[in-house]
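Undergrad: This is what each chain is made of:
There are 2 protein chains.
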Amino acid sequence: MAAGAPSTADSGKLRFGIVGAAAIAKKNVRGMKKLDCVEVVAVGSRSLDKAAAFIEETGLKATAMAFGSYEEVIADPRVQAVYMPLPAGLHVEWVKRACDHGKHVLLEKPIALTPEGADEIAAMCQAANVQLMDGTMFMHNPRVKEFESHLPSLGELKNFTSTFCWMGDDDFFQNDVRTQKGLDEHGCLGDIGWYCIRAMLMLFGWEKPVCVQAHAGPKFNKSGVLMHVGATIVYKDGKTGSLDCGFDHATTEAFQVAGTKGIMHCNDFCIPAREDRSTFTTSDAQFLTDLDTRMSQQTESHEVHLKLPQEAMMFKAFTELVRKVQAGEAPEQHWANISVMTQKIVCAIQLSAENDCQNVQLNL
Amino acid sequence: MAAGAPSTADSGKLRFGIVGAAAIAKKNVRGMKKLDCVEVVAVGSRSLDKAAAFIEETGLKATAMAFGSYEEVIADPRVQAVYMPLPAGLHVEWVKRACDHGKHVLLEKPIALTPEGADEIAAMCQAANVQLMDGTMFMHNPRVKEFESHLPSLGELKNFTSTFCWMGDDDFFQNDVRTQKGLDEHGCLGDIGWYCIRAMLMLFGWEKPVCVQAHAGPKFNKSGVLMHVGATIVYKDGKTGSLDCGFDHATTEAFQVAGTKGIMHCNDFCIPAREDRSTFTTSDAQFLTDLDTRMSQQTESHEVHLKLPQEAMMFKAFTELVRKVQAGEAPEQHWANISVMTQKIVCAIQLSAENDCQNVQLNL
Numbered sequence: 001m002a003a004g005a006p007s008t009a010d011s012g013k014l015r016f017g018i019v020g021a022a023a024i025a026k027k028n029v030r031g032m033k034k035l036d037c038v039e040v041v042a043v044g045s046r047s048l049d050k051a052a053a054f055i056e057e058t059g060l061k062a063t064a065m066a067f068g069s070y071e072e073v074i075a076d077p078r079v080q081a082v083y084m085p086l087p088a089g090l091h092v093e094w095v096k097r098a099c100d101h102g103k104h105v106l107l108e109k110p111i112a113l114t115p116e117g118a119d120e121i122a123a124m125c126q127a128a129n130v131q132l133m134d135g136t137m138f139m140h141n142p143r144v145k146e147f148e149s150h151l152p153s154l155g156e157l158k159n160f161t162s163t164f165c166w167m168g169d170d171d172f173f174q175n176d177v178r179t180q181k182g183l184d185e186h187g188c189l190g191d192i193g194w195y196c197i198r199a200m201l202m203l204f205g206w207e208k209p210v211c212v213q214a215h216a217g218p219k220f221n222k223s224g225v226l227m228h229v230g231a232t233i234v235y236k237d238g239k240t241g242s243l244d245c246g247f248d249h250a251t252t253e254a255f256q257v258a259g260t261k262g263i264m265h266c267n268d269f270c271i272p273a274r275e276d277r278s279t280f281t282t283s284d285a286q287f288l289t290d291l292d293t294r295m296s297q298q299t300e301s302h303e304v305h306l307k308l309p310q311e312a313m314m315f316k317a318f319t320e321l322v323r324k325v326q327a328g329e330a331p332e333q334h335w336a337n338i339s340v341m342t343q344k345i346v347c348a349i350q351l352s353a354e355n356d357c358q359n360v361q362l363n364l
Numbered sequence: 001m002a003a004g005a006p007s008t009a010d011s012g013k014l015r016f017g018i019v020g021a022a023a024i025a026k027k028n029v030r031g032m033k034k035l036d037c038v039e040v041v042a043v044g045s046r047s048l049d050k051a052a053a054f055i056e057e058t059g060l061k062a063t064a065m066a067f068g069s070y071e072e073v074i075a076d077p078r079v080q081a082v083y084m085p086l087p088a089g090l091h092v093e094w095v096k097r098a099c100d101h102g103k104h105v106l107l108e109k110p111i112a113l114t115p116e117g118a119d120e121i122a123a124m125c126q127a128a129n130v131q132l133m134d135g136t137m138f139m140h141n142p143r144v145k146e147f148e149s150h151l152p153s154l155g156e157l158k159n160f161t162s163t164f165c166w167m168g169d170d171d172f173f174q175n176d177v178r179t180q181k182g183l184d185e186h187g188c189l190g191d192i193g194w195y196c197i198r199a200m201l202m203l204f205g206w207e208k209p210v211c212v213q214a215h216a217g218p219k220f221n222k223s224g225v226l227m228h229v230g231a232t233i234v235y236k237d238g239k240t241g242s243l244d245c246g247f248d249h250a251t252t253e254a255f256q257v258a259g260t261k262g263i264m265h266c267n268d269f270c271i272p273a274r275e276d277r278s279t280f281t282t283s284d285a286q287f288l289t290d291l292d293t294r295m296s297q298q299t300e301s302h303e304v305h306l307k308l309p310q311e312a313m314m315f316k317a318f319t320e321l322v323r324k325v326q327a328g329e330a331p332e333q334h335w336a337n338i339s340v341m342t343q344k345i346v347c348a349i350q351l352s353a354e355n356d357c358q359n360v361q362l363n364l
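So the sequence lines, in the order shown, correspond to chains A and B. Letter by letter, the first sequence follows residues 1 to 364 of UniProt numbering. Letter by letter, the second sequence follows residues 1 to 364 of UniProt numbering.
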């Protein structure tokens, strides 16, 4: 069953189908609409009405058809790539269908419920010769390049700390998929801990850590889903990264990476406070001056101006990779690899939190 | 053996003896000299020359005599109170002597090497009817009252996070007492982790936590002294506090306390960046606005102006408590109690770090 105004002529744009009419997709559609290189030609939901309402609300009527199933979007021959904001528990099944139809996949995070599921998703996409990327928007903010360019000034990196929390309301705690077993059962860890882990991996140059341990006192809801958890991730050389994430208190969204010569701090690393400008600071390694009395550390502010919001930059980057595959290159594997690495760390922390915060070895 | 210019007439000021000519004592002497209510009449070191040099360097010649032993300072009948910046491993012994002579004790932190030592110190001071307080200066910054007055706006408190690190140099790692077993063998945990724990206890209203667990990957030097450690402290109601402290990377000195309605952040909580002005921020619990796109959290800055540096405020507060004891009141036990509580948490985290980061129950 389909309804709406199909896009008839080839626009030269990458034609996306959206599989699942989740709230996060609205933000991404807003980003896609700012790009000349993509268009949304199909939106599928379990209910045709919901898909049509999504198209209406997001202003996609000129290009997108509504479908009452995910399958029809994936099978639509006009669709070249799918954006899949489904709960993680559905990803293996629906990525498989997308691969069967040769559709490139921009997949919401967390990407899977298990390490094996993450591996399977990456392997299916590689075998089907389709590009895989997860929906971690902040990675496409040009601020990330600025982080990377300032890292050498920090000396030898030693420690990463991060905290990403926000306060859920009654409706969230009762109804949201991130509070329920089976679909997005990694709770706060899969939803926002994911970003802390990803930032750490990026700042530590994608080096593979060796083990994780959840911090004492993880909080589960009655269904056994994490509502707050901290964890430390350990590297072979002794470097550590820690995160603290939860749905149980007011908003925090910060990381700090520290080296022998300086620190870098960003207090809105995932969702920038402003759309057109992203900031962070670096500080030197000074400590005390006269009579051990005063702090003498100097801090410098950095600012990056954005012409497009980071979610638009994500679809632009994905589209460029897809164009390369369409031109005959193999799919870029970095994005798939970091999705899998992030997911495996999420799963290991979950395992530790469920087992008295024992140390869990990683096999990345 | 004594040398220097004794203070002959009773000045009406509380007369201090300094037991140990440590670097930290120079900062405190600078603070004491800003006060009308105290004077330093004796400085004792293991070497008379060192005590004399300390008096010379700190400009105490008009009032203070140099002694070549700790014992002589404590026994000096002019001395009413001792400030004791000795390594923690010497505290039980020298606090006992001070108590034997009925001298009030302002004791550097960490106060002891063991929970039993901390209890013994507190019990000795109580039995001798002398006031005990530890040298945690930031507690006497008027900013602490401002922290406390803003706490109710944060709603139900859920989580405290803190990080206090600075980068040691070669001389520090080779020679400092905080890198050696036996004297200040809790390393970074006793030195700067202490402050994180104290801030947490204060912000959580001196409630007693139930257990601690060191974070994965604590770093010990070759002598087995902690150079970096993280830990989480758990309360009965599920509240948690975490700290991350070390001598192995550039300076960080921040805490954040988060509740259901807001967060409070202070990025120089222990040693204020400026002597005359202390700052912190509070933020509300807003998260996202339009299309889940932008952060809408509002942050407010707070500022406290200081007429005296916090170390002077500490000696002023201590002197006021001593005057009450001299007037016949019992010594105030709150300060002793929080010293012991802080020390027991330090010792429990140390135990966890030395035992594969196992959970350690507290008995406070």
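Worth flagging that the hints you see were computed from the coordinates, not collected in a lab. Possibly wrong hints are sitting among the right ones.
With a Cα cut of at most 16 Å, we get these calculated EDC-like pairs of lysine to aspartate or glutamate [said to hold, decoys possible]:
(1) LYS261(A) <-> ASP169(B)
(2) LYS261(B) <-> GLU72(A)
(3) LYS219(A) <-> ASP170(B)
(4) LYS33(B) <-> GLU57(B)
(5) LYS261(B) <-> ASP170(A)
(6) LYS316(B) <-> GLU332(B)
(7) LYS261(A) <-> ASP170(A)
(8) LYS96(A) <-> GLU57(A)
(9) LYS236(A) <-> GLU156(A)
(10) LYS261(A) <-> ASP284(A)
(11) LYS34(A) <-> GLU71(A)
(12) LYS33(B) <-> GLU56(B)
(13) LYS219(B) <-> ASP237(A)
(14) LYS236(B) <-> GLU207(B)
(15) LYS261(A) <-> ASP170(B)
(16) LYS239(B) <-> GLU156(B)
(17) LYS222(A) <-> GLU354(A)
(18) LYS33(A) <-> GLU57(A)
Undergrad: If a hint holds in the structure, say so; if it does not, say that too.
TA: Tested hints:
For the proposed pair LYS261(A) and ASP169(B), the alpha carbon gap of about 12 Å is at most 16 Å, so the pair holds. Simply put, LYS261(B) and GLU72(A) have alpha-carbon atoms about 44 Å apart, too far for the 16 Å limit, and the pair is violated. In summary, the hint linking LYS219(A) to ASP170(B) is not supported, as the alpha carbons are separated by about 42 Å, beyond the 16 Å threshold. For the hint linking LYS33(B) to GLU57(B), the alpha-carbon distance of about 13 Å falls within 16 Å, and the restraint holds.
The suggested pairing of LYS261(B) with ASP170(A) holds, with an alpha-carbon distance near 14 Å, which does not exceed 16 Å. With a C-alpha separation of about 15 Å, the suggested pair LYS316(B) and GLU332(B) falls inside the 16 Å cut-off, and the hint holds. A threshold of 16 Å between alpha carbons decides the hint, and for LYS261(A) with ASP170(A) the separation of about 45 Å lies outside it, so the pair is violated. About 29 Å separates the Cα atoms of LYS96(A) and GLU57(A), which puts this hinted pair outside 16 Å; it is violated.
Our distance criterion of 16 Å between C-alpha atoms is met by LYS236(A) and GLU156(A), whose separation comes to about 14 Å. A distance of roughly 6 Å separates the Cα atoms of LYS261(A) and ASP284(A); the hinted pair therefore holds under the 16 Å criterion. Simply put, LYS34(A) and GLU71(A) have alpha-carbon atoms about 27 Å apart, too far for the 16 Å limit, and the pair is violated. Of the pairs offered as hints, the one joining LYS33(B) and GLU56(B) holds, with about 14 Å between alpha carbons and a cut-off of 16 Å not exceeded.
Distance check on the hinted pair: LYS219(B) and ASP237(A) sit about 11 Å apart at the alpha-carbon level, within 16 Å; holds. Straight-line distance between C-alpha atoms of LYS236(B) and GLU207(B) comes to about 10 Å, which keeps the hinted pair within the 16 Å bound. Distance hint between LYS261(A) and ASP170(B) is fulfilled; the C-alpha atoms sit about 14 Å from each other, no more than 16 Å. Only pairs whose Cα atoms come within 16 Å are accepted, and LYS239(B) paired with GLU156(B) is accepted, the gap being roughly 10 Å.
A C-alpha spacing of about 14 Å is found between LYS222(A) and GLU354(A), which places the hinted pair at or below 16 Å, so the restraint holds. Proposed proximity of LYS33(A) and GLU57(A) is supported: the alpha carbons are some 13 Å apart, at most 16 Å.
Of the numbered hints listed earlier, those contradicted by the structure are 2, 3, 7, 8 and 11.
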